[in-house]
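Student: Chains as they are written, first to last, in our numbering: chain R, 1 to 144; chain S, 1001 to 1144; chain X, 2001 to 2144; chain L, 3001 to 3144.
These are calculated hints, taken from the structure and not from any lab test.
A portion of the hints provided could be inaccurate.
What the hints assert, rightly or not - Computed far set for chain L versus chain X, every beta-carbon distance over 12 angstroms:
no., residue
1, Tyr3016
2, Glu3096
3, Asn3103
4, Lys3127
Said to hold, decoys possible - The calculated lysine-lysine pairs, modelled on PhoX-like cross-linking and capped at a C-alpha distance of 20 angstroms, are:
no., chain 1, residue 1, chain 2, residue 2
5, X, Lys2022, L, Lys3014
6, R, Lys22, S, Lys1014
7, R, Lys127, R, Lys90
8, L, Lys3022, L, Lys3050
Beta carbons are placed, not taken as given, at the ideal position from N, Cα and C, and that holds for glycine.
Protein chains: 4
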Amino acid sequence: MNSTNPTPYLHNVKYYETDKMKITHHSNYIRWMEEARIAWLEAIGFGYDKLEASGVISPVISVNCQYLRSTTFNDNIAITARLVKYTGVKFTIEYEMVNLSDNQVCAIGVTQHCFTNEAGRPISIKKNHPDLNAVFNDFIAALS
Amino acid sequence: MNSTNPTPYLHNVKYYETDKMKITHHSNYIRWMEEARIAWLEAIGFGYDKLEASGVISPVISVNCQYLRSTTFNDNIAITARLVKYTGVKFTIEYEMVNLSDNQVCAIGVTQHCFTNEAGRPISIKKNHPDLNAVFNDFIAALS
Amino acid sequence: MNSTNPTPYLHNVKYYETDKMKITHHSNYIRWMEEARIAWLEAIGFGYDKLEASGVISPVISVNCQYLRSTTFNDNIAITARLVKYTGVKFTIEYEMVNLSDNQVCAIGVTQHCFTNEAGRPISIKKNHPDLNAVFNDFIAALS
Amino acid sequence: MNSTNPTPYLHNVKYYETDKMKITHHSNYIRWMEEARIAWLEAIGFGYDKLEASGVISPVISVNCQYLRSTTFNDNIAITARLVKYTGVKFTIEYEMVNLSDNQVCAIGVTQHCFTNEAGRPISIKKNHPDLNAVFNDFIAALS
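Extracted from the complex, chain R is given alone in its bound form (with noise of 0.2 angstroms):
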C-alpha cells in the first residue's frame, strides 16, 4: 500500500440521490465522504464494524463539502480521502471527488473525528489503539 496514493473509492450516483434540479441533492456527499472514509479505514486494516465490535465509535465533529461542479444520476465519483491531521485523540480527513464522466473535480470535503467509548466518552487513541496510532502516524509522516 502506498500511503500517499491511496485507491480512490468508487460511488455510482443513484436515482434516489438526485433532486427536483435534476442534480445530486448536496447532502449525499456527506455521506459519499462517509463511504469513502469507511473503506480507507478498513483499507488500512481497521474496519469500522470491528472498531465498534471493540467498544470504539467514532463521530463526526465537523464537515465541509465545497460543491465545484454538479453530478447526477449514475455518474461515478472517485472518492479519495486522505488524512491529514492527526493528534492522538482527532483527526482530519480531506477528500477529493472527481466525476469520471468528465474527469473534473466536482467537490472537496474535510471531516474531524475523535473516538469515544459507547457512553459517547472521549478516549485517546494513542493510549487505546496503539497499532492504530502507529497507522495514523504513518501516514502522517508520510505527508512531508
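Chains S, X and L: place on chain R using the hints.
Tutor: Below, chains S, X and L without anything else, positioned relative to chain R:
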C-alpha cells in the same frame, strides 16, 4: 379520542425527498407511514421511545404501498393510520395519504409488525404488554 | 445473457442505512430494489438514463416488501430482479435479496411499473418502444 | 417581522434519521439546514417553489456543520437561519440548532448559495430580482 376517526398526521414534502422526475421519490412514502404510525402510537399513549426504553422493539414484517397520484416539494400530505388487524402477537396498520393541495388520495399503504425483545426474539404483546393489548383490542372492536 | 438466470446486483449496506435498532432501516430495501431494477434494465440494453433522455419515465405503481431476516452495516446483499409479468403497458418485477454473510434470503419484493411521457401520461411500451417490448416478451416467454 | 430575531424552524427527529450509534446520522443536519432555509425564504415572501417557478434555482456552493452534542429520535430541534452576508450574487446563511430536550446548542452551520437559471448559469439577484435584493439588503443592514 375517537378511535375510528384518528387525527391525520401531517407531512410537508421536503426538497430532498424529490427526485429528478421532479416528484417525490417513492421510497419516502414508506418513511411517512412510519412517521404516521409512530405519531399514532404516541397519541394512544405508547410512544415509541418509551416502548424501546422498556426493552421492546417493533420491526416491520412487510410493507405495501400503492401510488395513485404523484406528489412533490412543499405538498402537505395528511396521513391516516388505522389499526385493522391484531392477533396478540402481530398487528396490521393501513394508511391513507391525502395530498391537501388537491384533496385527492395520493397513496394507500399497509404495514405488518410484531414486537421483539432487544435480542430480536418475538414476544407476545398480549402477555407482556396487557395495557397495550387492551388498547389494541379496543381499536379492533371499534372497527365492526 | 441467460434471461432466466440474471446476475444479481450487489449492494453493500451503508452505515447511514442503519437505524437505532442497529439494523438496516426497512425503507432502504425499497431503494435497493430500484438499484437492482436500474442495473437490470442497463444490462438488457435499456439504461434508465437513456430511457429518460428519450422522453420516457417509469413511475412506480406499487411496491411490496417482506422482511424475513434483518441485515446491518457492511452486509453484502445480492439482489436478483426478474421480470414476471408484462402487458404491453405495465410490467411487474420480483426481487429476491440474499445476505451473503449467511447466504439466507433476507427479503423478497415486488414492484409494478408503467411508462409515461414527461407530462405524466401513460404510454404503451408495445407501440412506442417495440425494441424494449420485444426484449420484455422474450423474458416472459423464458419463464414458462 | 423582526429581521434580527427570526422564528426558529422546528424539526422533530425521525426514527429513520438515526443510525446504529443510536444517534442522529450527521448527514441529516445538512438536510435540516435546507428545511430551515426554505422556511425562512417562505417567511420573507420568497417561497422556493415560487422562485423555481420563475426559472431560478439556488444551488448550494458550500456547507459547513459543527456537531457539538448528539441528538436522537424524537428530539425537537429549533433551527434559526440568519442571512449574514450578501454580495448581490452570492449569499451566506448561518444556522444555530438548539435541542429543545435540554435547551443546548447541538450544532451550528453555514451554507453559501448563488442563484442560477435552469441551465445552471449564475445570475445576479441584484439585477434579476430587485425585490429579493431589497429584502436581503434590509437583513444585512439590520445586522450592524
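Student: Honestly, which of those hints from before does the structure not fit?
Tutor: 1, 8
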